[in-house]
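Construct all of the structure, not just a fragment, from the sequences and the given hints.
2 protein chains.
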Amino acid sequence: MKDIAYVNGNFLDINDAKVSVKDRGLLFGDGVYEVAGVIEGVLIDNWAHLRRLERSLDYISLELPIDLKTLSEVQKELIFRNNMKEGTLYLHVTRGESQQREFEFPKDVAPSIVMFVQHKKILHISQDKLRAKVMTLPDLRWKRRDIKSIALLAQVLAKQTAHENGCDEVWMYEDNFITEGGSSNAFIIQKNKLISRKTNETILSGITRQAVLKLVEQESLLFEERPFSIEEAYQASEAFYTSASVFVMPVISIDEKIIGDGNPGPLTIKLRNLYENFAKSFINQENNE
Amino acid sequence: MKDIAYVNGNFLDINDAKVSVKDRGLLFGDGVYEVAGVIEGVLIDNWAHLRRLERSLDYISLELPIDLKTLSEVQKELIFRNNMKEGTLYLHVTRGESQQREFEFPKDVAPSIVMFVQHKKILHISQDKLRAKVMTLPDLRWKRRDIKSIALLAQVLAKQTAHENGCDEVWMYEDNFITEGGSSNAFIIQKNKLISRKTNETILSGITRQAVLKLVEQESLLFEERPFSIEEAYQASEAFYTSASVFVMPVISIDEKIIGDGNPGPLTIKLRNLYENFAKSFINQENNE
Chain A
2 MKDIAYVNGN
12 FLDINDAKVS
22 VKDRGLLFGD
32 GVYEVAGVIE
42 GVLIDNWAHL
52 RRLERSLDYI
62 SLELPIDLKT
72 LSEVQKELIF
82 RNNMKEGTLY
92 LHVTRGESQQ
102 REFEFPKDVA
112 PSIVMFVQHK
122 KILHISQDKL
132 RAKVMTLPDL
142 RWKRRDIKSI
152 ALLAQVLAKQ
162 TAHENGCDEV
172 WMYEDNFITE
182 GGSSNAFIIQ
192 KNKLISRKTN
202 ETILSGITRQ
212 AVLKLVEQES
222 LLFEERPFSI
232 EEAYQASEAF
242 YTSASVFVMP
252 VISIDEKIIG
262 DGNPGPLTIK
272 LRNLYENFAK
282 SFINQENNE
Chain B
2 MKDIAYVNGN
12 FLDINDAKVS
22 VKDRGLLFGD
32 GVYEVAGVIE
42 GVLIDNWAHL
52 RRLERSLDYI
62 SLELPIDLKT
72 LSEVQKELIF
82 RNNMKEGTLY
92 LHVTRGESQQ
102 REFEFPKDVA
112 PSIVMFVQHK
122 KILHISQDKL
132 RAKVMTLPDL
142 RWKRRDIKSI
152 ALLAQVLAKQ
162 TAHENGCDEV
172 WMYEDNFITE
182 GGSSNAFIIQ
192 KNKLISRKTN
202 ETILSGITRQ
212 AVLKLVEQES
222 LLFEERPFSI
232 EEAYQASEAF
242 YTSASVFVMP
252 VISIDEKIIG
262 DGNPGPLTIK
272 LRNLYENFAK
282 SFINQENNE
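In order, the protein sequences belong to chains A and B. Residues in the first sequence are numbered from 2 upward in steps of one, following the working numbering. Residues in the second sequence are numbered from 2 upward in steps of one, following the working numbering.
These are calculated hints, taken from the structure and not from any lab test. There's no promise every hint is true.
As the list makes no split between identical chains, a pair holds if one copy fits it or if it spans any two.
[As the list claims (entries may be wrong)] Only pairs whose alpha carbons sit at most 20 Å apart, straight line, appear in this in silico EDC-like list of lysine to aspartate or glutamate:
id, residue 1, residue 2
1, Lys144, Glu175
2, Lys77, Asp256
3, Lys199, Glu226
4, Lys121, Glu78
5, Lys144, Glu202
6, Lys215, Glu175
7, Lys144, Glu232
Structure follows, in structure tokens:
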């Protein structure tokens with residue numbers, strides 16, 4: 002079966018899912034996006050994603066042409082049509098198709114909504130993949146990293162460099178302090194204390210990060226919200242990163258420096274288990290609806 | 002007559018000119034572009050644009066699937082098919098369409114080439130439009146501004162803010178010094194000396210800027226290549242900006258502060274005339290080929 006995508010009101014075979022070459026998402030990166038995890042056909046923490054989408058849209062002065070409830074119904078329909086069990090659902094909203102290519106916002110142009118799914122293991126990821134190598138690189142991105150925009154070239158280039166160096170993720174730094182991962186939020190553990198940078202314009206407010214921090218609070222774990230340096234990361238007892246598609250990913254090395262004993266740390270494993278249970282709770286909720 | 006666009010080998014009615022929702026230009030801003038001016042159906046300084054395209058492609062490790070000569074033939078064909086006299090030709094190359102949305106470069110994916118034209122006055126712009134108002138705003142862009150990437154959201158938002166404030170262009174600044182315009186290079190004149198920032202990673206190497214600087218040299222005009230402050234811009238005797246679609250645009254105010262006597266300055270007009278003649282020289286070259 003071919004994947005089905007959603008494009009502005011239509012469910013289409015992925016090969017027919019196209020947008021105009023005048024779409025401002027294509028010409029300017031003028032759009033914002035979300036990626037939510039799916040397990041057992043159910044979206045994980047989706048309302049937190051949709052609320053962040055609303056904030057991103059607001060930051061770029063773009064109005065969603067349908068309400069979030071309707072958008073979430075479309076998401077569910079897309080999962081159903083793809084008979085999707087596990088993976089991610091990608092969703093973006095751009096400023097639509099304007100006849101003239103001008104930087105300024107066009108008048109009377111409807112935003113363009115695109116969604117598609119990607120089948121992959123996110124909960125049932127194999128144990129031997131839960132061992133991420135991280136490379137650090139300078140953070141070259143723009144200054145409004147709180148906006149989840151589709152203008153992602155800096156992240157593409159950074160993650161590619163990490164990949165070419167045998168690493169799974171990049172941790173970007175600015176003034177010697179880690180900002181965040183190329184597509185994730187970065188955490189370190191010093192003894193039994195978690196450290197993670199405060200979210201503001203310098204990094205994206207990760208949905209999985211937020212959920213993990215709620216679990217940290219529920220479990221009364223020690224937590225300090227502050228930037229940490231590259232050197233602190235090297236010397237951490239544990240390290241991990243979070244995202245909608247990897248949940249809680251243990252880091253075993255940073256710039257080839259082994260973290261802890263080179264295996265996923267105990268507190269990291271505990272947090273992954275807690276997050277997995279949190280993720281599964283959405284399946285139960287859905288089934289009880 | 003409907004506009005004709007070029008998409009990966011095909012000349013299409015603009016309404017049929019589409020790309021996949023999986024095009025990495027759309028999903029990541031993973032592509033680079035050029036806009037060249039056209040007068041009397043002839044591309045202005047196009048080889049300088051194509052050579053810059055090659056540099057941009059090289060910076061993002063993307064290989065053009067056809068050679069520049071062939072690309073320029075396609076450009077000419079597109080102008081011919083659109084019966085285009087005056088305006089701009091837009092051209093971009095993205096990393097193509099990959100089935101999986103992953104940040105890392107996909108393997109065995111052909112880059113995607115898109116071109117379209119925009120009819121508008123660039124040489125025959127009316128005199129009353131040669132009076133630009135400029136607004137200054139912080140430069141929020143990423144650090145590799147020498148790459149002419151399609152990830153342009155920062156410029157979109159800045160130019161929109163300028164537009165909402167009744168201005169024609171934004172001049173962005175960093176550490177109190179002007180970097181460049183939202184889609185142009187910035188110049189000021191102190192007495193009879195031109196000042197313009199040196200091109201490096203902090204700004205794009207403008208093609209029109211380069212041509213103007215060559216004219217400045219030929220005419221033995223005074224020129225200093227260095228950053229200038231916002232305060233210096235306010236107090237300049239003349240100011241202007243350059244781009245492929247506005248040539249040399251006189252600035253009459255910056256942040257509502259009147260520049261000179263509030264009219265295009267004499268040296269600016271001289272440079273515009275020199276550049277117009279330079280632009281027209283391409284028509285003669287083409288006709289003699």
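Do the hints match the structure? See the list:
1. Lys144 with Glu175: The answer is both: 11 Å in one copy and 12 Å across copies each meet 20 Å.
2. Lys77 with Asp256: neither (40 Å within a copy, 49 Å between copies)
3. Lys199 with Glu226: within (5 Å within a copy, 40 Å between copies)
4. Lys121 with Glu78: Classified as within: same-chain Cα gap 19 Å, cross-chain 44 Å, threshold 20 Å.
5. Lys144 with Glu202: Result: close both inside a copy and across copies, 7 Å intra and 16 Å inter.
6. Lys215 with Glu175: Neither: 27 Å inside a chain and 38 Å across chains, both beyond 20 Å.
7. Lys144 with Glu232: neither (24 Å within a copy, 24 Å between copies)
Checked against the numbered hints listed earlier, the structure breaks hints 2, 6 and 7; every other hint is satisfied.
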